[in-house]
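Two independent chains are provided; combine them into the complex using the hints.
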Amino acid sequence: AQKVTQAQTEISVVEKEDVTLDCVYETRDTTYYLFWYKQPPSGELVFLIRRNSFDEQNEISGRYSWNFQKSTSSFNFTITASQVVDSAVYFCALLTGNNRKLIWGLGTSLAVNP
Amino acid sequence: DVKVTQSSRYLVKRTGEKVFLECVQDMDHENMFWYRQDPGLGLRLIYFSYDVKMKEKGDIPEGYSVSREKKERFSLILESASTNQTSMYLCASRGAGGVLDNEQFFGPGTRLTVL
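So the protein lines, in turn, are chains A and B.
Residue numbering for the first sequence follows my numbering, starting at 1 and increasing by one per position.
Residue numbering for the second sequence follows my numbering, starting at 1001 and increasing by one per position.
The shape of chain B in the complex, shown without the other chains (with noise of 0.2 angstroms):
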């Protein structure tokens, strides 16, 4: 079975901040994604990482930058946390994306609670 975790279920962070959040797969998947999720938004895409490096802008990165060194972990970093930032975080993996090969698997979620 996939197994992706996250760093911590739980953060309160203050105002100006820099916060990091871990995201870790362990089926060698190629495509991982870091969302927020907000009551009555939904699921909204930050960044991507399709390869080691590598990274695409979601729909809604402004405040965030990522980091993928390494192919089993993605980060996502709030450079200088808000209290907009206060949210629920979802990191999820993909394998390379055939056809039987698509589906996004989550992490527990990391609730961050900006002060």
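Here chain A stands alone, though its shape is the one from the complex (with noise of 0.2 angstroms):
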């Protein structure tokens, strides 16, 4: 079975936190990806990353990073120093082999308070 689950519903941090949006992953496929997008409060979904399964290295983007780890089947995200402006449903995606679909997480909701 394929499957993708954020445990965390929503977080709520205040401005400078950290924070880490956790993202844990099933399959059995060797060649997959994993991708996380940011819904603001307009709605639009937007592509943040893909790492595929034959690289796991991290990858930092200003204050993003993500941590890709095989081992323990995650791909959390993290963000330093958070904004106001980071406030967003955060959604983790696992494509696996030839499919077309995306495999999606129910997605964790991020408040950053002032």
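Worth flagging that the hints you see were computed from the coordinates, not collected in a lab.
Be careful, since some hints might not be right.
[To be verified] Short, incomplete list of chain A residues facing chain B, as computed with Cβ under 7 angstroms:
1. R50
2. G97
3. K101
4. W104
5. L106
Predicted model only: the values in this text are computed from it and were never measured.
Glycine included, each C-beta is placed from N, C-alpha and C at the ideal position.
In structure tokens, the structure reads:
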């Protein structure tokens, strides 16, 4: 079975705090891709990052960083020094093999308070 | 930049009406998708299309149909709208699916209310 679990439904932090959003996935495929998307209050999902199963290097983009660990089937997302503009729902998703369909987590709603 | 547009941001319809939601992408993408998003249920795939005139059911196709007559346009049809179809509808498109071409790009969404 293929599954994506985002155990944190809602997180609330104060501005400038660091926050980590967890994503755990399940698949038996050896080739797969993991994604993070951001959905701000405006509603449009924005692609943030893709990782393939053969590349376990962590990624950093400004205040955002991603930690991919195959040993724990996790692809966690950390926001450093959070800002109010980071308030959004964040989705993790899995694409396996030749599938066209993404398997989505249920999302984590992040509120960054001033 | 990929642009995915949806015909309406907000739509209010009556029970039993036929409803058309239109989606257009400008990047010559092969794959297009329709999702609905409801609180606590995340994104659920209704239908997708991998080529013109080709379609495949997603996880919740009941009560919906789709049409893809042209590559850039993917329509979602509610044959007889019901109140339980009140939701946010999201359209997405994706390229052929190569290693660097498999992320989905989303439109702004249509919030449909069925009274």
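Tested hints:
| no. | hint | verdict |
| --- | --- | --- |
| 1 | R50 | holds (5 angstroms) |
| 2 | G97 | violated (11 angstroms) |
| 3 | K101 | holds (6 angstroms) |
| 4 | W104 | holds (5 angstroms) |
| 5 | L106 | holds (4 angstroms) |
The earlier numbered hint that this structure contradicts is number 2, and it is the only one.
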